[in-house]
Amino acid sequence: MPTFVQILDFIGTFAFAISGIRLASAKRFDWFGAYVVGFVTAIGGGTIRDLLLDVTPGWMTDPIYLICTGLALLWVICFGKHLIHLHNTFFIFDSIGLALFTVVGVGKSIALGYPYWVAIIMGSITGAAGGVIRDVFINEIPLIFRKEIYAMACVVGGIVYWVCDFLAMQPYLCQISAGLAVFITRILAVKYRICLPILSGEGNAEG
Amino acid sequence: MPTFVQILDFIGTFAFAISGIRLASAKRFDWFGAYVVGFVTAIGGGTIRDLLLDVTPGWMTDPIYLICTGLALLWVICFGKHLIHLHNTFFIFDSIGLALFTVVGVGKSIALGYPYWVAIIMGSITGAAGGVIRDVFINEIPLIFRKEIYAMACVVGGIVYWVCDFLAMQPYLCQISAGLAVFITRILAVKYRICLPILSGEGNAEG
Amino acid sequence: MPTFVQILDFIGTFAFAISGIRLASAKRFDWFGAYVVGFVTAIGGGTIRDLLLDVTPGWMTDPIYLICTGLALLWVICFGKHLIHLHNTFFIFDSIGLALFTVVGVGKSIALGYPYWVAIIMGSITGAAGGVIRDVFINEIPLIFRKEIYAMACVVGGIVYWVCDFLAMQPYLCQISAGLAVFITRILAVKYRICLPILSGEGNAEG
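Chains as they are written, first to last, in my numbering: chain A, 92 to 298; chain B, 92 to 298; chain C, 92 to 298.
Be aware that a few hints might be false.
Same chains, same names: a pair is fine if it fits in one copy or spans any two.
Claimed, not checked - Using 30 Å as the maximum straight-line C-alpha spacing, the simulated BS3-like pairs for lysine-lysine come out as follows:
no., residue 1, residue 2
1, 199, 238
2, 238, 118
3, 118, 282
4, 238, 282
Calculated from the structure, these hints are not laboratory results. Computed from a prediction, not measured in an experiment: that's the story for all the values here.
Full structure from sequences and hints, please.
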């Protein structure tokens, strides 16, 4: 029997993979390319985190992520044209994935003995870096650097984790609070189109 | 005396470096930029594999890859205009490199105790990821996500390796069979323009 | 009290972060995106080096790099429009950063027992790879592959380090000489617009 967290992990992976596969399909990738982009969107953040923490990336120990991405590809192949109607559903799934990946990233870093400021960054990398690699692969400027609050929601969740731990709350309560913080921040940001300020260009910037 | 595998490795590295340097020259990179792109095309896949497997990247233990890339750059500088006539030769060399890199990647992962599904991915990364980094550096959508079968040939080779091992064949026979499988798949795919299906776009996909 | 090297490190990090943030602002990134690009420009090279050398990335052990990037962002937000007048100042800071990062990269690799040809590459990666990631993130062809001598200055510095060590000079003298070599090479290259030759395109190159 899969646990509740495993079910959430599967849902999050599926939603992240769908987001990668859909963007790949808009660029007319072939099935293999779409699969790779979907897979990297789903596991890229966790892989960078695990390389930085010097542990074996999670997807190398369990083929569930490969299978899950395969199901996501099958889904898009079969129901691609009807996906638009499910936009809101996938948005919810994606936000669940973001919340869960952030909590997993923060928790794993803390368990390895890193301080909280590292753990918050690792949580944000887990949640958001997969989407950055996805956008590099499809040759677009990463969305999270320009659109409404996304990675900032991970940072908020990481800080909530920290505060809860500081208040000596139980680990599972820290995790639930942090996950809810990510989820709610993300939902509110999209609903009310909350954006961070744009950095005004200099007209003729040169490095 | 170099062994037969070392000669093949040199040929493969040379062909991969040439492919990077040629694409860099089409974008008017300077010599240094072209060298870096050639080098990363040749050793990028193996480096990502070794980071994931947590071992020291092969090119850090032997300067042959640096030298080989230098020879490739010299070749393009001297004979660049005549390279087009050698297109088929380089295609054969590139396919040899792809086959060899895949076999090395699968073999190394198995030797480190990873299961076959990880080894097949590692073989494909070894063969194909260098080209992905190359395309990111020259700011193009990675070719392997859109063109005829390339990384899929690595997957086919990895599966052949697995089947041969399952049939209790000698290691060297597994490797030769897998290498031939990659090489033949790649040659046939290009000769008969075999492509994977394109994932049909949604018109207005958004992540 | 911070040491002299720490002060130089802070100046270099600040200059690198500014260069990332300015280019991000030209692409209309939001504050978060600009911060991330600035941070990655500053610590990206060292992080790749440390992943290759299999040690913990420096920025994960000291929050100074996060703080320094935050100050750089604040600076651009407050004084962005006046930055252009400081172009030469930042060019000097950037060159100091390049020199220092190169020396740190070479020194760290030597201390870990790698041969000099690896150390020179690691020094160049430390100095120049952050800018490559920056340019990938803002979806431009990396500047260092096309413009005047930049990463080559790191290579020159690494070779000077090697020669000084070969001549049995004191470690601190090796480091000062190497750093000056990077700095002077970079300054001269920009002042006299010294470029490497462009690799002439083939018109219709295909990988």
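Do the hints match the structure? See the list:
no.	hint	result
1	199 with 238	within (28 Å within a copy, 39 Å between copies)
2	238 with 118	both (20 Å within a copy, 13 Å between copies)
3	118 with 282	both (28 Å within a copy, 25 Å between copies)
4	238 with 282	within (13 Å within a copy, 39 Å between copies)
Every hint, counting from the list given before, is met by this structure.
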